[in-house]
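In the order they appear, the protein sequences are chains L, A and W. The opening residue of the first sequence carries number 1 in my numbering; numbering runs sequentially from there. The opening residue of the second sequence carries number 355 in my numbering; numbering runs sequentially from there. The opening residue of the third sequence carries number 603 in my numbering; numbering runs sequentially from there.
Hints are computed from structural coordinates only; laboratory data are not their basis. For each residue, glycine too, the CB sits at the ideal point set by N, CA and C. Take these hints with a grain of salt, some might be off.
Unchecked claim - Computed footprint of chain L on chain W; a stretch qualifies when at least three of its residues, placed anywhere within it, have a C-beta under 8 angstroms from a C-beta of chain L:
#, stretch
1, 636–644
2, 664–671
3, 681–687
Stated by the list, open to error - Within a straight-line C-alpha distance of at most 30 angstroms, the following computed DSSO-like cross-link-like pairs (lysine-lysine) qualify:
#, chain 1, residue 1, chain 2, residue 2
4, W, LYS691, L, LYS274
5, L, LYS270, W, LYS753
6, W, LYS691, L, LYS4
7, A, LYS506, A, LYS363
8, W, LYS635, L, LYS271
9, L, LYS270, W, LYS712
10, W, LYS741, W, LYS728
11, L, LYS42, W, LYS763
12, W, LYS728, L, LYS274
13, L, LYS201, A, LYS506
14, W, LYS705, L, LYS4
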Amino acid sequence: MTEKVLMKGNEALAEAALRAGCRHFFGYPITPQTEVAAYMAKRMPKISGTYLQAESEIAAINMVLGASAAGVRAMTSSSSPGISLKSEGLSYLAGCDLPAVVVNIQRGGPGLGGIRPSQSDYFQATRSGGHGDFHLIVLAPDTVQEMFDLTIEAFELADQYRMTAMILGDGMLGQVMEPVDISREGTVSTVAKQWALTGTKGTRKKNIINSLYLNEEELEMLNFKRFEKYAEVEKIARTEEYFIDDADVIVVAYGICARIAKNAIDEARKKGIKAGLIRPVTLWPFPKLQLKAAAAKAKAFIVVEMSMGQMIEDVELSIRCSRPVDLCNRTGGMVPTPDEVLAAIEKAARAERS
Amino acid sequence: MTIVFERPKALTDVPMHYCPGCTHGIIHRLVAEVLDELDLVEKAIGVAPVGCAVMNYDYFECDMAQAAHGRAPAVATGIKRANPANIVFTYQGDGDLAAIGTNETVHAAARGENITIIFVNNAIYGMTGGQMAPTTIPGQITQTSPYGRDTKTAGFPLKICEMLATLDGTAYAERVSADGVKNVVNAKKAIKKAFEYQMAGRGFSIVEVLSTCPTNWGLEPVEALGWLRQNLIPYYPLGVYKDKEASR
Amino acid sequence: MSTANEIVIAGFGGQGVLFAGKILVYAGLLAGKEVSWLPSYGPEMRGGTANINVIISDTPIGSPIITNPGMLVAMNQPSLEKFENDVQKNGLIIVDSSLISLKVKRTDIKTCYIPATKLAEDAELKGLANMVMVGKIAKELGIFDLDIVKKAASKSIPARKQDLLAPNIKAIEIGLAYC
Ligand SMILES: Cc1ncc(C[n+]2csc(CCOP(=O)(O)OP(=O)(O)O)c2C)c(N)n1
Ligand code: SF4
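Working from the sequences, and respecting the hints, build out all of it.
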């Protein structure tokens, strides 16, 4: 067994990017993700990488676009208000079919909001967060270990599908310190980036990175093609499941809420209530099939999230509203307690019995 | 200077949250005294930035808005265009004004927007815990320039007064400092002049105030004042960079 | 899961509560336990309060947030007032009695008064009250021996500051020895 080290979520994520071969990081300070930038500022100069503090989040994501167009693995990270500014870049990255990794360590909103953990950017992330027809791959870690593992995976998926992969964490995952095994190295894409801007060197036709298509037929065809790719990506939808084989009540939660829910489920089981958890690890693609399958057996669902109820819509859609779905939520930086989740489970179990 | 410890009418009695020895508090007081002296409390509308001064909507007694990071000059423009009879000012840090909000600042100045900007330059991002700012001086160590600001990779600091002075829309630009009695007296004069220019409809006015951040500079309050004198004032010389009235 | 090992250490920013927590989780990790360390975080304003949630467990940790600590270590009065009522029944409150004159009101818990700040100062270890507390906490937990705590301290102190290790360990020993 390799020795585990203690790291904050933000630091593990930054280290993972380095292990995945990312040598170009463009950031802008914002709580609660600043440790990512601080880590990069320390490490990049030592490994001949680029750490650049941009003048704004808009500049940072466009620097990522440029670096990605030039063929390297590039990343930017921020928190909610900064991600809003990045939405232009997210759309252009998609329109140019460029790979990128973008991190959102969410905090309470809207507006300047607060700095405490939140999950209220779910819609923004899973509905792409920018103008036009496109998707991001959205990965939702729930431990420091996953902050590390999923970041490496994000770089691989981004290259494989020429898409932006977003790590959707929250302030608590960014700040919490836990043991983590960081021995894994990422694989650098084996597919040569023939589309990259590296200079023709007189050996190939020129490459163009562009999202302008004034011919509407051409643009429609391109969007069709891109969505064929997205249909392929849907297959990576993934969950973690906890006690769902015999569960009457299924809690659906991602990120830190899933961990809180696990505590509540343990308590519910002690009280004889058959509760279980489905934790979406990918938020886009959303694990529709897994939820649909669970609905065949379970009697009720509870969605636990730190927002006014965003993921609940995807749960209802996935199970075609075939079962009651309750919401157990806090917002604005407040975090649900295991007791609150337990109460919701007990209520659902009672309702389902009567 | 007579030191009056009475609170200016333009300041509320809400306790300020600034760290001990931070000169943000002094600058608030100067702005408030000027609002008092020009009888502007009922007429002024302030715009708070995103930075340590974010909560100054609670500290000034006049109407206040809170803007997105860097956008205060745009918000102030909207307010001024809608209510031209009001006196509109922003209060912004260096990250807010000179990084993310450079666009808004430069264009407000270029338009000769009749607003006043109080620009607090402490050469660092205070609120977020001490990262490099556009005004961080070469060699200065911050959380995101851990080996000292290297001009080869992080470029050079922005000299805002010097830059804005080149624009025809700028009516008044002066750099002052919040250290020591003499400089503080000058700072107040400059702030007063800036508001008077707006009252006279002369156009864009900005006062850049060199300020301390003992917490993130890692210095005791008194040492911080010394550091400001030894490092910031030589890099950012004090003085009037633009005065449309005087040059007429 | 035993919740006695859910510890909240709270005090002023600058008292080193986050660092104290770090040594405890490192010790937990070295002892083969599951651990988590969750700090309060916020704008870097001085004079604020800081607290740390430390969990050391035999089983995988669900939520890293502690709503009802099994152990509260109060290093200033506001922290005691803020968290006293959250402590679990039969839990333990450790109070730095050199800084807090207030007595614990609850009677359904164990209380321990230790003048950590004074003990540190008397031993010419000014500013190491947090380490005295680490010793005291380790003693109360009874799940790791001094060697592990020493190793954890050495791992938590950056290489270029290893000269601070000896005084830190001395402070930890004072806490361990205090009854
Ligand atoms: C869009 C956006 N990006 C980043 C932040 C985080 N942020 C808050 S304050 C601040 C900088 C503050 O520095 P400065 O303007 O120099 O003021 P000071 O705190 O030093 O007074 C930043 C980057 C934010 N709130 N919104
Ligand atoms: S962090 Fe710096 S700028 Fe902000 S209040 Fe403290 S000393 Fe002042």
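Now the hints, each set against the structure:
{"no.": "1", "hint": "636–644", "result": "holds (count 8)"}
{"no.": "2", "hint": "664–671", "result": "holds (count 5)"}
{"no.": "3", "hint": "681–687", "result": "violated (count 0)"}
{"no.": "4", "hint": "W/LYS691 <-> L/LYS274", "result": "28 angstroms, holds"}
{"no.": "5", "hint": "L/LYS270 <-> W/LYS753", "result": "38 angstroms, violated"}
{"no.": "6", "hint": "W/LYS691 <-> L/LYS4", "result": "34 angstroms, violated"}
{"no.": "7", "hint": "A/LYS506 <-> A/LYS363", "result": "48 angstroms, violated"}
{"no.": "8", "hint": "W/LYS635 <-> L/LYS271", "result": "27 angstroms, holds"}
{"no.": "9", "hint": "L/LYS270 <-> W/LYS712", "result": "28 angstroms, holds"}
{"no.": "10", "hint": "W/LYS741 <-> W/LYS728", "result": "22 angstroms, holds"}
{"no.": "11", "hint": "L/LYS42 <-> W/LYS763", "result": "18 angstroms, holds"}
{"no.": "12", "hint": "W/LYS728 <-> L/LYS274", "result": "54 angstroms, violated"}
{"no.": "13", "hint": "L/LYS201 <-> A/LYS506", "result": "28 angstroms, holds"}
{"no.": "14", "hint": "W/LYS705 <-> L/LYS4", "result": "41 angstroms, violated"}
In summary, the structure is inconsistent with hints 3, 5, 6, 7, 12 and 14 from the numbered list given earlier, while agreeing with the others.
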